[in-house]
Amino acid sequence: MKTRFAPSPTGYIHIGNVRSAIYPYLLARQNGGNFILRIEDTDQARYVEGATELIEDTLKWLGLEWDEGPIVGGPSEPYFQSERKAIYHEWANKLITMGRAYADDTSSEQIQSYRDECTAKKIPYLYRNFRPANPPEWHEGLPLRFKADPKVRHWHDEVMGDMTAGPEVQDDIILIKADGLPTYNFAHIVDDATMGVTHICRGVEYLSSTPNYLALYEALDLEIPKLISLPHILAPTGNKKLGKRDGAKSVTEYRDDGILPEALLNYLACLGWNDGTEEEIYSKNQLIQAFSTDRIQTSGARFDETKILWMNGQWIRKLIDEQGIDTFYPRTLGYWPESAAPYEDSYRQQVLAIIYDRLKTLSDLRTMTTYFFADPEIDLSMITGNKFLKKFAEEDLSAWLQLTAEKLENTPWNADALQDALNQLLTETGRKPAELFSLIRIALSYAPFSPALHLTLEVLGKDVSLARLRQTVTAIENA
RNA sequence: GGCCUCUUAGUAUAACGGUUAGUACAUCGGGUUUUCAUCCCGGCAACGCGGGUUCGAUUCCCGCAGAGGUCACCA
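Numbering (the working numbering), first residue to last: 3 to 481.
Rather than coming from a laboratory, the hints here were simulated on the basis of the structure.
Each hint should be verified, as a subset may be incorrect.
In silico DSSO-like cross-links for lysine-lysine, where the CA-CA straight-line distance does not exceed 27 Å [claimed, not checked]: (1) K228 - K243; (2) K124 - K96; (3) K228 - K251; (4) K392 - K409; (5) K320 - K309.
The structure displayed is predicted, hence computed values, not measured ones.
From just these sequences and the hints, can you work out the full model?
Following this line, the structure appears as structure tokens:
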């Protein structure tokens, strides 16, 4: 088995089209075959500098390593279509020789008038109805057209099932453009054949041109690869397929947002596919095991930002619980607040250990951990406005904080002892946990939420904790 | 417009003619000594419409509607 991902280097890979890389990858791995990366750069006008690197970067990050293609090479080099011109011309000449292709010097104005004519008559426009009687000899600079053999065609699509198309959708498509480079329609057929591709995964938009491809396979006496049409991923609103115009984010943008590749791969693979069980969390290897084309959905699916966030949280917890903080920690680098920079890795690891089950993305670290690295700005309204605390007099509040500071001053600085001390403070002050702990928590962090109090204290350290408690005492007294 | 495809809760999906139509996210409510989160429990919420076939249709067939794709010297 050989599968391929064949993007054109016109920009980044977004979540709307990355599934056509994921599924062929899974298929190849599942069957011990090869996964090919082929760069379809025959449209010079749309070529974007650096796009190939972007594509490679995306694939690597997602863990979709390719067996043949740029960088790694392979038996069918080159893997850039722009470098395979001679191959396409060789195949084009085969078609010319057998009378199945002809050069076409019809002007674009003339072609447009054919089109207009059909529109006026309200009949379908088919170029083959205007096929020139005496086409010129083919030479570079002239487009080459396929001579269609329109007839009813039947084929099987692994996702869509048995398909039928009539002659009305088969036409004399352009094989080679005037610039000498092939069109997608011709290039991919030649490439798939010469590279030995056995399974083609691509978006459903190619379904309607499939009859033309079948004609080409037939003319060239090629075996038809298995065809796997992937339904679209839909834009957030409406039912249109997701594209860059809808603000489709690039795959790597999710990396920058702190989404794990494991989570994105898991989510994307399961968008429009499931194995029939109620399992939701799949590692790459589990996906390779479970994947099957016959369970790919036929209708489009919407990308749900909320669910990927949930899944990412699941993966953060899963990976840390399985591997431990030490192993996972390096993956968080780059997501900490700036103020964390002067601190040692071991301190950041302690913070990670008590905060990670609150993370939805790694970049949540940036906003959720600031008070571990810099004194928070005192905002007494968070205390006086707190639903548990607003009923108390300020003198009481500062007295309790003062008492807490004194108590903790003489407490061994470890989580268990701190927990005991905090519990004793509850009885000593006669307050409920919701009251006293909220007060202490806010004085320490001035954050909307934080990890359990005794853990926060332990990580923050004795000096910082006591200083912050006392600063708030002073602030209340001066208010 | 021609051709093609799709249609289960807000979202993603399960169901191979017989189920109180299941699950997850979201949402709402409750629980786990503060908050937020995790975790646990519970609630709300769906078969596009109309005909058939059948003892019985979400499931099979036909029609309709809606949505999407495609009709390039783009891929």
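Which of the listed hints are not met by the structure? Of the numbered hints given earlier, those the structure breaks are 2 and 3, listed in rising order.
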